[in-house]
Every structure is written in structure tokens, then in C-alpha cells.
Amino acid sequence: MKDQRPQPLSSSACLIVYNTTEAKCGFVIILMALYWCMECIPLAVTALLPVILFPMMGIMESDEVCIQYLKDSNMLFFGGLLVAIAVEHWNLHRRIALQVLLLVGVKPSLLMIGFMITTAFLSMWISNTASTAMMLPIANAVLQQLCDTEANAEERNCRLTAVRDGQENRAFELDDSKESDDTKFKAGDSSVNMGVCVLEQRKLKREEKYTKLLKGMSLSVCYAASIGGTATLTGTTPNVILKGQIDELFPENGGIINFASFFGFSFPNMVLMLALSWLWLQFMFLGFNFRESFGCGTKKDGDLEAYRVIKDEYKKLGRMSFAESCVLVIFTLLVLMWFTREPGFIPGWATVLFNKDKSYVTDGTVAMFMSSLLFCIPSTFPRCQSRHDAPAEAHSALLTWDVVHEKMPWNILLLLGGGFALAHGSEKSGLSQWLGESLIPLQNIPPFAISILLCLLVAMFTECSSNTATTTLFLPILASMATAIKIHPLYIMFPCTISASLAFMLPVATPPNAVAFSYGNLKVMDMAKAGFILNFVGVITINIAINTWGVAIFQLNTFPSWANVTKTP
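Residues in the sequence shown are numbered from 1 upward in steps of one, following our numbering.
Among the hints, a few may not be true.
[Said to hold, decoys possible] Cβ-Cβ distance ranges computed for the label pairs, FRET-style:
id, residue 1, residue 2, range
1, Ile445, Arg308, 53 to 63 Å
2, Lys316, Leu103, 17 to 27 Å
3, Ser396, Phe448, 50 to 60 Å
4, Leu279, Glu208, 20 to 30 Å
5, Ile440, Lys212, 44 to 54 Å
6, Asp63, Arg383, 45 to 55 Å
7, Lys486, Pro251, 14 to 24 Å
8, Ser518, Ile445, 40 to 50 Å
Calculated directly from the structure, the hints in this document are not laboratory data. What you are looking at is a predicted structure, and each value in this text was computed from that prediction instead of being measured. Using N, Cα and C, we set each Cβ at its ideal position, and we do this for glycine too.
Full structure from sequences and hints, please.
Listed below in C-alpha cells is the structure:
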């Protein structure tokens with residue numbers, strides 16, 4: 001069989017025609033883009049190509065390339081992942097999810113929004129794939145219980161109807177004793193057949209209803225995971241890439257992107273996108289029958305049974321253990337320290353204590369400090385022992401390196417580093433400056449139109465490529481374009497970063513989609529129809545956000561002085 005892998009020589013025409021550093025860097029970017037899109041070799045291995053090609057082509061020295069692979073943004077992401085792994089390891093995320101579902105209730109529409117809110121909240125802190133994989137079995141069990149209870153209720157009602165009809169037939173027989181036995185037999189047989197036919201029709205209708213509901217619930221969970229990941233700086237990889245690229249390309253930006261500022265912009269946008277997504281999925285799979293979907297004060301046996309399923313699952317967790325309590329405290333303190341480090345409207349604790357003249361303490365410092373405590377605190381409460389007691393066994397810590405080694409997505413760290421190396425290579429080679437000069441004619445297009453078009457482009461591109469690779473390739477180009485046409489870099493970089501997470505149309509677009517596809521009896525067309533509209537909804541929502549509260553948070557109406565950088569190779 002002929003090898004279909006793209007070969008490096010097939011992309012080297014630019015080197016033959018233009019033997020310059022800009023062309024060499026462009027060749028590396030095109031080659032990596034092809035490899036990332038076709039996934040002919042692992043994504044992380046493709047991210048290591050700058051370590052090989054940049055020194056060999058004379059673009060950067062090897063030391064300068066390698067140092068890009070472990071920057072502050074990588075440590076921020078690594079520390080956040082350590083805390084997320086601890087939350088998953090001690091099942092704290094499951095306890096939170098079940099508690100929220102018990103509060104929301106089990107009416108179809110309330111159940112859907114309950115699963116979406118819970119999944120989105122978990123995806124803000126742990127991986128989108130983990131939150132999806134945890135929530136879908138719970139949704140499946142609850143819906144199965146609702147279906148079984150409704151089936152039992154219908155069968156019971158049918159039996160009661162048959163008994164009542166039998167009593168009426170006997171009364172009729174007493175009144176009409178002259179009727180032949182053959183006629184009575186045929187009438188009774190006809191009644192039985194009619195009852196079986198009604199049961200079969202109800203069964204088919206019920207199965208169709210719950211199959212459709214399962215599809216909607218599965219899509220709601222995987223979409224909520226992708227949407228929830230956009231709300232925090234560590235929620236998904238493209239967010240960290242944005243911060244790293246801004247710090248790399250505009251080193252004088254004054255830390256404009258930190259946890260607090262990112263959350264201040266992205267969280268309201270996430271809530272709006274989540275609400276609109278719920279309305280669309282409600283319309284597609286449940287309709288707007290408020291009496292049936294919301295209950296309107298009615299209670300059914302099926303609702304009580306489904307509620308009991310969730311409650312039983314919660315009871316299986318038992319009381320909150322010492323380890324869960326410690327992880328919850330560390331997680332809460334981490335979030336509070338991130339928010340208060342540099343809140344923006346007042347001096348934060350880092351500014352007062354450490355960052356008086358330079359930015360010594362960053363979000364990455366906080367993440368690593370709090371995550372390191374997980375390896376120091378024991379998982380069980382230490383008890384005092386007398387001298388006569390037998391020596392107790394050593395208790396393991398809240399997090400061990402074996403668990404980290406098993407669950408840490410190490411390839412993501414290399415992908416982040418590869419993106420930073422590409423951005424730095426573009427600056428050193430002069431490719432960024434050349435791109436910026438080539439894009440100057442775009443000044444004649446209104447900025448909001450540019451933002452919408454680029455968001456649509458990124459949203460379509462990320463359907464067939466990983467969101468990490470998409471943001472890695474696009475952000476340096478967008479930064480060059482912004483400086484060329486004199487608009488705030490965040491005005492287009494921020495919306496496009498969030499758009500990279502709008503992979504709603506295809507099962508292969510993102511791992512949560514693939515997990516939902518395997519659980520929900522979905523067809524590709526089901527996901528494509530629902531996701532196509534949500535892509536447009538997401539793009540519109542993001543651009544509304546960037547033109548309203550985004551302008552107020554980041555002062556996007558003016559071109560910042562720190563963005564006016566012109567470097568020569």
C-alpha cells in the first residue's frame with residue numbers, strides 16, 4: 001500500500017523560490033500545519049519540529065528554541081492540571097455533580113439544564129473529557145429509570161383497564177344471556193388483541209421519546225463541557241496559549257491577561273452561550289411543552305424514581321472524607337488566590353508583597369505552590385499514638401507521582417511549547433513583520449466585520465483540527481494583522497481563541513463529542529444539525545461580548561502602546 005503521509009519536500013517550494021529566513025520559517029509553519037491537520041504523526045511529536053528545523057535552517061539557536069518549551073504559561077497549566085487530577089482522584093467532582101442534580105430536579109428541561117450547568121462548572125477546573133465521561137453515565141442511568149418507571153406505570157394502567165372492561169363484559173353477559181358462546185369468545189379475543197396493540201404502540205412511542213431525549217442529553221453534556229472550558233484561564237489549552245502568545249509577542253503588555261481579567265470577560269460569555277445552547281437543544285429535542293418539560297407543579301412516580309437513583313448514587317459516596325475536604329480547601333484557596341493576586345480595580349496581594357517593581361509572582365507561581373501542597377498533606381487524618389502501640393503504616397499523600405504520571409496529559413505541555421516556539425521564530429525571522437505589512441489593506445474593513453469573519457474561519461477550521469493546533473497556528477498571524485492595521489490585538493485574538501473551542505459539529509472534532517457519540521446512540525447528522533447552529537450562536541455571542549464588556553475590561557477602543565512593536569530579524 002502506498003504511503004499517504006505528506007513528505008517535507010512537498011511543502012518546500014517556498015524555499016526554492018525565496019531562500020530567506022522568512023520563507024524558511026513559513027516552510028516550518030506550513031509543514032507543521034499539514035502534519036497537525038492530517039495527524040500523520042502524533043501531535044506532540046509535530047510540536048517538537050522547531051527544535052530540529054529552526055537551528056538547522058539558521059532561524060534560531062538550539063538553546064533559544066528549547067527554552068520556549070517550559071515557560072510560565074506551561075507551569076500555570078501544569079499546576080492547574082495537578083489540582084484537577086487530585087479532584088478527580090478523590091471523586092470530589094462526582095460529589096459536586098450529584099449534589100447539584102439533587103437541587104435541580106428531574107423534570108426533562110430542568111434535568112437538561114442541570115446536567116449542562118454541572119458539566120460546565122466542572123469543565124472550568126478539570127478536563128472537558130473527564131467531566132463528559134463522568135456525567136454521561138449518570139444521565140443515562142437517570143433516563144433509563146424514567147423510561148422503566150413510565151413503562152411499568154403504563155402496564156399497570158393497562159391491567160386496571162382490562163379488569164374494568166372484564167367486569168363490564170360480565171355484567172353485559174348477565175343482561176344478554178341469549179348471546180351465543182362463539183360470539184362471546186370472539187368479542188373477548190378482540191378486546192385482548194386491542195389491548196396488546198395499544199401496549200405496543202405506547203411502547204414504540206415511549207422508546208422514540210426517550211431515544212430522542214437521550215440524544216439531546218448527550219449533546220447537552222458534551223457541548224456544556226466545551227463551553228464551560230472557555231470560562232477560566234486553565235479551563236482548556238487554547239486559553240493558556242492565548243496568554244503565552246500575548247506575553248511572548250508583546251512582552252510589555254503589563255500582564256493584561258491573568259486569571260481575574262480572563263474570568264471577568266469569559267464567564268459572562270460562557271453563561272450566555274450555555275443558556276442559548278440549552279434553548280436550542282430544548283427546541284430540537286424536547287419542544288416547548290412547558291407542562292411536560294417543566295412539570296408545572298405536577299409530580300409523577302417516574303420523577304420520584306429518577307430522583308431516588310441520583311440520591312442513591314450520592315449515598316454511595318458516603319460522608320466526605322478527610323482527603324476530599326483537604327482537596328476542596330486547596331482548590332478553593334487556589335481560586336481565591338488567583339482572583340486576588342491582581343484583581344485590577346485594587347492592588348492585589350502579589351502587588352503589595354512581591355511585585356513592587358517587577359512581576360515576580362504570577363498565576364503560575366500560585367498554581368505550583370498550591371499544587372505542591374497536595375504531595376505534602378496526608379490523605380488520612382493523623383492520630384496520636386502511645387509508645388506501646390504498634391507502629392502505624394505511613395499514610396499516602398493526597399496526590400502521588402504514580403497517579404500524576406498516569407493521568408497527566410504530557411503531550412499538551414509539548415503542544416504549548418511548540419506554539420510558543422513558532423511564535424518566537426516568527427518574530428526572530430521577520431515573518432511576523434512581513435505578514436503585518438501584507439495585511440495593511442485590511443484597514444478598510446470595519447474591525448467588527450474582521451472579528452466575525454475570523455471567528456467563523458477558526459470555528460470551521462477547528463472542526464477538522466485540534467483546538468490546540470488551531471490556536472497555535474492562528475494567533476501569531478492574528479497578532480501581526482492587529483499591529484499592522486492598528487487595532488487592539490485582543491480584539492481579534494480573544495474571540496478567535498474562544499471560537500477554537502466551538503467544535504460542535506463532528507464527533508472527531510473534540511474528545512467530549514466522541515464520548516457523547518459513543519453513549520447517546522447519535523448519528524453524525526444529529527450532531528451536525530445541532531452543532532451547525534450553535535457554531536453561529538457562539539460566534540455571535542463572543543462578538544457581542546468583545547464589543548460590550550470586553551471593551552470596558554481591556555480598553556479595546558484604543559491601540560495600546562505595548563502593541564506598537566516592530567522587530568527586525
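Now the hints, each set against the structure:
no. : hint                           : verdict
1   : Ile445 with Arg308: 53 to 63 Å : holds, 58 Å
2   : Lys316 with Leu103: 17 to 27 Å : holds, 18 Å
3   : Ser396 with Phe448: 50 to 60 Å : holds, 54 Å
4   : Leu279 with Glu208: 20 to 30 Å : holds, 23 Å
5   : Ile440 with Lys212: 44 to 54 Å : holds, 52 Å
6   : Asp63 with Arg383: 45 to 55 Å  : holds, 52 Å
7   : Lys486 with Pro251: 14 to 24 Å : holds, 19 Å
8   : Ser518 with Ile445: 40 to 50 Å : holds, 43 Å
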